[in-house]
Amino acid sequence: MEWSHPVGVWVGAIGTLALFSLIYRENRLYRLFEHLFIGLAAGYTIKAVWTETLRPQWWVPMTSEGRWPWVFALFGGALFYTIFTRKYNWMSRISIGALLGFAAGQSFQATANVYIPQIRGSFKALWVTRDMLPPGSLVTPLGQSLNNILFVVIIVSVMTYFFFSFEHRNKALMTTARTGRLMLMFAFGAIFGSTVMARMALLIDRVWFLMNKWLGIG
Amino acid sequence: MSNPLQRLESIDRRILYAVLLIIVVVGLLVPIPLPLAVGPQARGVYEAIENADPGKIVIVSTLWSASTQGENSPQTRVILQHLMRKRLRFALIAFGDPQSTTLAQELAEELARENSYEYGKDWINWGFRADIAGTLKGLVKDINETIKTDSIKKRPLSEYPVMQGIHNVKDVGVIAEVSASGNYVSWLGLVVGSTNAPFCYAPTSVMAPELYTYLDSGQMKGMLFGIKGAAEYERLLGIRGFTTRAITPVSLSLVLLFVLIGLGNYGMYAAKKRDQKGANG
Amino acid sequence: MNLQRLLGSAFPKASGSWIWISILLAALGCVVVFFALQALPGRARKFLIAAVTFLAGLFYAAEFFLPVDPKTDENFLTFAVPTVGNVINVLAAFTLGLGVFSLVRIHGTKVVKLREGWENSVVLLLGIVVMAVAGLEFEDTRFYRSLFRDVLNSFDAAMFATLAFFIISAAYRAFRVKSAEATLLMFAALIVMLGQIPIGQYLTHWLPEKGSYASLFRLDNISNWLLITVNAPAIRAIGFGLGIGGLAIAMRLWLSLERGAFFEAKADN
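Just so you know, the protein sequences line up as chains A, B and C, in that order. Note that the numbering used here has the first sequence beginning at 1, numbered continuously upward. Note that the numbering used here has the second sequence beginning at 1, numbered continuously upward. Note that the numbering used here has the third sequence beginning at 1, numbered continuously upward.
Please keep in mind that the hints were generated in silico from the structure rather than gathered at the bench. All C-beta atoms in this analysis are idealised placements derived from N, C-alpha and C, irrespective of residue type, glycine included. Don't take each hint at face value.
[To be verified] Calculated lysine-lysine pairs in the PhoX-like style (CA-CA distance at most 25 Å, straight line): (1) 170/B / 56/B; (2) 178/C / 277/B; (3) 13/C / 87/A; (4) 13/C / 154/B; (5) 71/C / 56/B; (6) 170/B / 277/B; (7) 178/C / 273/B; (8) 121/B / 86/B; (9) 154/B / 121/B; (10) 71/C / 170/B; (11) 153/B / 121/B; (12) 272/B / 178/C; (13) 121/B / 56/B; (14) 46/C / 87/A.
[Stated by the list, open to error] A short list of chain A residues far from chain B (calculated; beta carbon distances all over 10 Å): (15) 82; (16) 130; (17) 152; (18) 159; (19) 167; (20) 207.
When you get a sec, could you build the whole thing from the sequences and use the hints?
Right, here's the structure in full:
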């Protein structure tokens with residue numbers, strides 16, 4: 001089955017240009033296509049939630065497989081919608097509380113599994129010998145030792161920067177925190193550069209759609 | 001009156017937009033034939049799939065919509081291409097945004113036709129799940145009981161040959177997640193550790209720098225750094241797809257960014273110098 | 001496994017016409033519970049919300065902390081993990097409808113009262129209906145697939161692509177190197193990104209790719225070194241803070257100790 005149709009491509013291209021018109025200034029055409037986009041996305045959510053989750057995991061087990069207790073899930077789900085009423089809106093907090101509780105319960109395992117290897121990995125050997133290096137490594141033992149020392153110093157200094165339990169008055173503490181702040185700037189710089197790269201990739205995808213799929217260039 | 005150098009600080013935004021657009025169009029039409037070095041992160045993903053146990057299934061998890069398809073679509077594509085080249089069976093599963101299950105399925109269908117991959121025998125779509133953590137906890141215990149039916153034919157998973165011998169995450173060879181979100185925390189926290197399957201991640205470039213810490217600790221075996229990671233993977237697979245072409249405009253637009261930042265700062269210093277001169281004399 | 005058997009006998013599978021009878025009776029029970037809940041006094045309501053939150057969290061906490069049978073690697077709660085996961089999944093799916101419901105309510109009112117911009121609201125509501133009907137009733141048609149792929153996906157992608165223009169403009173206008181921090185941020189962005197793109201990598205392409213110490217000075221290798229040795233520990237340190245903070249928040253939520261609009265709102269109106 002084909003996923004594309006020339007009429008759809010034309011509508012998509014015109015909509016893309018209309019949405020791009022925002023960069024010049026806010027206008028009526030932009031707002032029209034913005035609303036159309038939100039409507040289509042909401043319509044798609046209805047479709048996807050029903051066909052991907054509710055029908056196979058709730059409706060079919062309940063009505064075809066005899067698992068009638070799934071009715072209670074409808075009750076739990078319906079309670080969310082009491083948020084729109086003045087009289088019953090407190091009941092939405094029962095279902096929201098259940099979801100928050102489940103998430104909180106899972107967080108013990110998740111935190112342990114995510115951070116214990118991270119903590120373990122932070123205790124790096126500060127003096128590295130040749131046999132500790134992976135085979136074929138170009139880095140010398142001294143070089144790897146320096147890398148590891150730098151790694152540990154940065155972790156400690158950044159953690160010091162975020163340590164707010166008492167004021168940073170001690171000079172050593174202030175210097176360490178300042179180093180941590182500079183190292184953070186480094187990480188933010190890397191994130192800034194990669195953010196630009198990500199946004200450019202999205203633009204390139206759209207321009208390629210207009211050029212190649214719509215106009216047949218390239 | 002300000003001189004031309006000081007005016008560098010305040011170029012009209014429409015000129016900037018036009019220059020960016022021209023750079024992207026020209027970059028797409030005339031790719032610069034410069035090779036891209038393959039980093040250890042992309043190689044990590046490649047080697048994880050290359051060394052995967054053929055008796056096990058590979059999970060390709062997706063959490064992206066069309067909003068980030070510029071990066072996530074090529075990433076999903078190269079991973080699926082590699083899996084099909086290695087004739088490994090795989091399952092798609094989607095979280096977060098319902099679009100991702102359809103978008104990944106579309107890619108898989110297209111590549112399956114090219115690689116004679118049969119649905120149900122070589123690959124399967126487990127569909128979209130609104131909740132991540134509960135589902136992952138379920139997969140660790142029992143995949144069939146958690147997923148129940150596939151997304152396309154809506155039949156019980158146990159009926160499909162691709163699921164033979166697959167009970168829980170211990171029967172998974174590799175987990176590859178393509179994501180526009182921080183879903184990796186759930187995988188690392190609830191699944192990795194319950195299985196020996198290496199976990200590989202393909203995030204958008206925005207998220208990539210924050211993931212090096214997990215590569216360092218060995219919790220992730222590899223990573224595709226946005227569109228650039230997909231381009232590296234294409235090089236590893238020896239193919240010239242869209243990302244090989246797109247990497248030229250990506251490069252040019254980053255160069256433009258640094259040139260503009262440089263011009264803005266030069267303009268600022270020129271203005272400052274003039275003000276100092278004015279104050280002195 | 002006893003708990004599993006107990007639950008199995010408390011909620012037996014229905015068959016034939018008993019399926020719908022059971023569903024109707026259970027639904028009736030839910031209606032009764034609904035009105036019984038509404039009759040609860042304010043303090044009991046608060047207690048109920050706290051109890052539900054605690055019990056929900058207790059399931060996963062106990063499943064994780066309680067010792068397992070070494071033979072099966074399971075404890076007495078493990079059998080329920082897939083089912084509870086499915087229940088959460090269904091509940092989460094219901095929440096996705098909240099946004100749609102809210103949209104329909106707001107834009108429906110706008111159309112009915114002919115407020116400014118009602119024409120756009122009509123388009124929005126039409127979009128919801130057309131997409132939902134096409135997806136639910138005509139999923140395997142080219143019309144639906146094109147509507148999804150060519151139209152919805154294009155709009156979604158275009159919305160986010162406009163950010164590229166804004167980020168270039170913002171960086172040009174706002175990124176001024178005025179302090180050590182800003183200089184370092186700029187330097188990091190420059191070196192890291194040059195090392196990631198072919199044009200930047202070309203600047204040091206004359207150095208060997210591998211097999212020599214000189215290869216360590218290639219821009220791609222320097223970029224990689226900076227990301228692993230400088231960026232990773234900084235992010236890890238932030239992560240430690242986030243981890244501890246996240247766990248503390250989780251505890252506060254679980255035990256209903258959290259303060260704020262949601263937790264302190266009166267449950268007695």
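Ascending list of hint numbers which this structure does not respect:
3, 6, 20
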